[in-house]
Amino acid sequence: MAGSARLEYLLRLGDNALILSQRLGEWCGKGPALEEDMALTNTALDLLGQARLWLSLAAEEAGDGADEDTLAYLRDDRAFRNLLLVEQPNGGYADTLVRQFLFDAWASLALRQLLGSSDAAIAAIAEKAIKEVSYHLRRSSDLVVRLGDGTARSRALLQAALDTLWPYHHELFTGDAVDAEMLARGIGFDPASLRDAWLSYVRDVLAEATLTVPSAGGWAPKGGKQGLHSEHLGKLLAEMQVLPRSHPGARW
Amino acid sequence: MKNEWPLWEVFIRSQHGLAHRHVGSLHAPDATMAINNARDVYTRRNEGTSIWVVKSVDITASHPDDKAELFDPAQSKVYRHPTFFPMPDDVKGL
Numbered sequence: 001m002a003g004s005a006r007l008e009y010l011l012r013l014g015d016n017a018l019i020l021s022q023r024l025g026e027w028c029g030k031g032p033a034l035e036e037d038m039a040l041t042n043t044a045l046d047l048l049g050q051a052r053l054w055l056s057l058a059a060e061e062a063g064d065g066a067d068e069d070t071l072a073y074l075r076d077d078r079a080f081r082n083l084l085l086v087e088q089p090n091g092g093y094a095d096t097l098v099r100q101f102l103f104d105a106w107a108s109l110a111l112r113q114l115l116g117s118s119d120a121a122i123a124a125i126a127e128k129a130i131k132e133v134s135y136h137l138r139r140s141s142d143l144v145v146r147l148g149d150g151t152a153r154s155r156a157l158l159q160a161a162l163d164t165l166w167p168y169h170h171e172l173f174t175g176d177a178v179d180a181e182m183l184a185r186g187i188g189f190d191p192a193s194l195r196d197a198w199l200s201y202v203r204d205v206l207a208e209a210t211l212t213v214p215s216a217g218g219w220a221p222k223g224g225k226q227g228l229h230s231e232h233l234g235k236l237l238a239e240m241q242v243l244p245r246s247h248p249g250a251r252w
Numbered sequence: 001m002k003n004e005w006p007l008w009e010v011f012i013r014s015q016h017g018l019a020h021r022h023v024g025s026l027h028a029p030d031a032t033m034a035i036n037n038a039r040d041v042y043t044r045r046n047e048g049t050s051i052w053v054v055k056s057v058d059i060t061a062s063h064p065d066d067k068a069e070l071f072d073p074a075q076s077k078v079y080r081h082p083t084f085f086p087m088p089d090d091v092k093g094l
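Taken in order, these protein sequences are the chains called A and B. Here the first sequence stands for residues 1 to 252, numbered as in the working numbering. Here the second sequence stands for residues 1 to 94, numbered as in the working numbering.
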């Protein structure tokens, strides 16, 4: 799928929200407490709402009869543009929480940049999404501190999740030609420019949570933004897409 | 885990000017999380402008056995009801 840079950009924004939403939806009915179950699925619904806005705009840009549903349900994994971080499996509650925290901290910075986008439609979606994401970040930060600075067991689980997911944060700050064009046109931002603010916020929260920031360097998987995904995305899509693919045009 | 979390009563104010109303209860380890949980459980359909939470154990309730002496004496005092005044149609929220 070789579209315009704007189309690629919108797909990245939309797919991040869609795939993370689908992941969180897997917790529905299985949360560790009723209150957590509701909070996770609320977050999933917020992200799904954002995904619909981004993908509707992407469908307009694509213009080939696509709509938000064909983009969500009829693309193969290579056509998805989400970050590798958001497609990682839920694992245990600690893994889900740390994934959410790392993403929220990035999304809140990214959306803040997009508020000033020269593209009015993008700025408008960012303005709606930033309120939701600010709450997601407040919540995930709070839980990271509580569980990190909690019992020996909760701390160990969070540290293990952090060590596992940490390599995926590099991709959040790795730009490519699409990012460069969006920056040049005043539509987007330079991913690398968010790194310092992100690290500073994440370090503060992790320090309060008595967790150890994994060492810099090391394995830095990337490629999600360009459509090169881990094996996990295929399985996620199989579940998410099975109904519209088995029953094309099915309606309630 | 949940059995270790205390119970909280949740009060939501739906619009400015109206009083907070009891909407239900939930479990949370402390007040901050009780507010967060209340937001997630009780304001999903745009119900709220303000949330109060209070630990259920901090509420002192009247005893059911005291019903007769607390409430029965008010039954025969019809003159305490403000039902003898005509209300203008334009007055809302009464």
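Honestly, the hints are just simulated from the structure, not real lab data. Honestly, I wouldn't trust all of these hints.
As the list claims (entries may be wrong) - For each label pair, taking beta carbons as the anchor points, the in silico distance ranges come out as:
hint : chain 1 : residue 1 : chain 2 : residue 2 : range
1    : A       : T164      : B       : H63       : 50 to 58 Å
2    : A       : G63       : B       : V54       : 28 to 36 Å
3    : A       : Q113      : B       : P29       : 34 to 42 Å
4    : A       : G29       : B       : S76       : 52 to 60 Å
5    : A       : A121      : B       : A19       : 58 to 66 Å
6    : A       : W252      : B       : Y79       : 56 to 64 Å
7    : A       : Q113      : B       : A19       : 38 to 46 Å
8    : B       : V54       : A       : G116      : 28 to 36 Å
9    : B       : R45       : A       : G234      : 31 to 39 Å
10   : A       : R251      : B       : H63       : 39 to 47 Å
11   : A       : S215      : B       : H20       : 43 to 51 Å
As the list claims (entries may be wrong) - A short, non-exhaustive set of chain B residues, derived as facing chain A with CB atoms under 10 Å:
hint : residue
12   : E9
13   : P29
14   : N36
15   : F84
16   : M87
These numbers come from a predicted model, not from an experiment. By construction, the Cβ of each residue, glycine as well, lies at the ideal position given by its N, Cα and C atoms.
Hint numbers contradicted by this structure = 2, 5, 8, 10, 12, 15 and 16
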